[in-house]
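Trainee: As you go down the protein sequences, you meet chains A and B in turn. Count along the first sequence from 1, then add 1; that gives the number in our numbering. Count along the second sequence from 1, then add 858; that gives the number in our numbering.
These are calculated hints, taken from the structure and not from any lab test. These numbers come from a predicted model, not from an experiment. One should not assume that every hint holds.
[What the hints assert, rightly or not] No farther apart than 30 angstroms at their CA atoms in a straight line, the calculated lysine-lysine pairs in the BS3-like style are these: (1) Lys199/A <-> Lys953/B; (2) Lys392/A <-> Lys874/B; (3) Lys874/B <-> Lys379/A.
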Amino acid sequence: MSSSKTAVPQAFEKTARTYLDDAQLRRNLGHATRTIRNKRNNVVGEMPDWEELRESGRQIKQNVMMNLDRYLLQLEESVIKAGGVVHWAHDAADANRIIANLIKEKGESEVVKVKSITTDEIGLNDALDKEGIHALETDLAELIVQMAGDEPSHILVPAIHKNRSEIRDLFREKLGIENLSDKPAELADAARRYLRKKFLHAKIGVSGANFAVAETGTVVVVESEGNGRMCTTLPQTLISVLGIEKIIPTWQDFEVFMQLLPRSSTAERMNPYNNFWTGTTAGDGPQEFHLVLLDNGRTSVLADETGRDTLHCIRCSACLNVCPVYERTGGHAYHSVYPGPIGAILTPQLRGPDDVAAASLPYASSLCGACYEVCPVKINIPEILVHLRNKGVRHKKRRGFFSGVRIEPVIMKMAAHAFRRRALYEMAQKVARIGQRLYVRKGIISKLPFQLSSWTEMRDLKPIPEQTFREWWRTRS
Amino acid sequence: MVEDTLMKNSKDIILKRIQSALRKENGMKPQLSGMEPPLRGIDRKYETHSKLSQVERLRLFMERVSDYKANVTRAEEKELPKVIADICAVEQVKKLVIPPGIDTNWLPEKTSGVALISDESGPLSIQEIDQSDAVLTGCFRAVAQTGTIVMTGGAGQGRRLLTLLPDFHICVVRTDQVVGIIPEAFWDLDPLIREKKVPVTFISGPSATSDIELDRVEGVHGPRRLHVVIV
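So here's chain B without its partners, still in its complex pose:
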């Protein structure tokens, strides 16, 4: 195929150009040598572990999430059905999307009148998700320093669309999921990326734009409101 030869050519052209650009310093012929991955010698003197206690971490996380104009509530796990039902009532949520593998002890009380739309027994259509009012999920980790929620599509989190199309995202974060700083989150994600190649989404507050005169507007395409419940 013509296409194939052209592509091969471009690859060769680029690699040759790089090799001749670097040849002088490396003092070698313009060809790939068989050395081991050259990552040695990078200084990493930045912080890799948080110095905060768990209590301080939680306080910081709540403060930073609120900074993004998201709501934060603390609750006991057994209170969740009531807490979630209350949030749904306040935000007028009638149709709530729930991902596969969600902890059923979190679901809003039956009496709340919230209809649950589950992605469990066969994937929901785009329209069904788009026409829902909110989505309830857990998360993989949360980062105190930046007020970030890390989603990996695991049980209780669901595929990426579920937390994207609804206008309101309720996210339950367990205290033991809150790490102090960004490097700790990447460290914990490492095996998931290596072994399962999962898609990862970092969510820091509701979507926002500052494109018009740098005036911040919360809520453009993703969920316009975010409520974090810490248990």
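In isolation and in its complexed conformation, chain A is listed as follows:
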């Protein structure tokens, strides 16, 4: 396995530095996010009712969260009625065990997989590997990532950090094809030929799901390459993992989300293929269908009234493409299968406050608000970021992180004291004005002493001016 998988996760500000130094990565990311941003603006711009769709999407999701238990039970009933089997998994280990057992019961040692971040989240491939089962990724980017022993770096295009010649070299080595150019069409064709054989012999398919309808039991996988069609049609057994937040109440609700998702995600009017299935159908597709309902931390997100809206996410990745932080660091800096702004609010909530790396993620933002503007279900990401920062500080306080030499709280208390008294405030200004002379270089402070240095480590400060407005006003009269 790659070093990125075994390394102990560090705080975002530490890992981001490493990735910022990677010029190739930044070029790839800059190109990719710019392209997709522009395309999205075009296809969203041509929708006269985009804002109305966003609002309906938000309301439907809110309704789902407030009645989640009811909808889950309704979904279970509908799926069973349509000929499927429903399993409940309260955490990753639970889900992996259920899936491994289903595969072992069939006596199989290889399954074909549709790209699914949910199965990445629970580490399904590694868990199956330990049971002697090979899970073959069939999405082109996931296949590239899997072959390279790497990790995905983008929700939609996981191999966005690799360029064409890197991929050609990988295919030459792993697929044993000598004469391969770095033309994307030729690389895609090589993958097609390799995977076609696998598809035709596959007995079990494993997928995630974009939505599931409580009322009818319908599950949908949205995709572009046709590997989703292959995996949900060819094998006799299909196992789908569904995060419990992905429920929508009725079939009619698709008319909202199937408009919001493609335009926000791949920036297309519609992605090439959408596969909807309702249980099993005699003579067409898998004759055995298993739906695994996954919690794995989602119910703790639900318990936080402000953080709860995070569960509305439909995994479109529009927020990644507009984020100035993501565009520069890439997905790996987030140490999670959910990178970018949505990852910065989802990961820390899923993993809980004691995961130091995850707890640093709410700071991986300049709070510019671009993510909120593009979010198809109107998740107020900046608000949740601030909420989580606040929650993080309170948690640290309780854990006594601020006892001892940390002077930040002391300074804050002193500042609060000064801000409340005009005379004190003005005196502090005068003192600072004299004191800062030691640090001003060319009209800018870029290095403060002692504990204050952590503020200037990432940013420059403007010095306090020689004359304040009040002082100027006094000289006037």
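Following the hints, put chain B in place on chain A, whose structure we already have.
Mentor: Below, chain B alone, put in the same frame as chain A:
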């Protein structure tokens, strides 16, 4: 069985967690109450019906399908045998898969030399479908706004595999099947899902990937070419 108890436990655990997470706001005990399905109060102010005339719808549909790099032809129904035969000749189709219940008036002329492989009298094997050159089908609906074809596995469409393994898909769309916008297609599908639970596939252009440097490549695993014939 141990398995069963574990599963039951997980279900209970999840439902209890949800109920205690929501208890505060709902002001009730952490248990499922017997209320009616709570779907009231969702604003749906988006468009649910297209404002386009049939002529405009058709023009838009043709334009949007072409945007996906699929071919579009308009034809009279009686010309179909010739039109399909011509398409097969251009694309070098020797073996053409046809689904059960296909309109026989659509089939390519006998003189075209195209061998028809029918799924009608007993299902074709995966290998037979995989080794064919193309498939000819109708569809359930088409959506102008997005250039989408909606397949439901009914007569003239066949099971999902038929339109998946061949490298070339010829799809005949009748003008009265073209709706304006996405909500209209979901509306028409509703009874089929409720009563027959049919599998549904939306096809918008040939399969594609943008996984390598976001450079779009048409044709990965599904049919690499799509030809829509509007009658």
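Trainee: Of the hints stated earlier, which fail here?
Mentor: none
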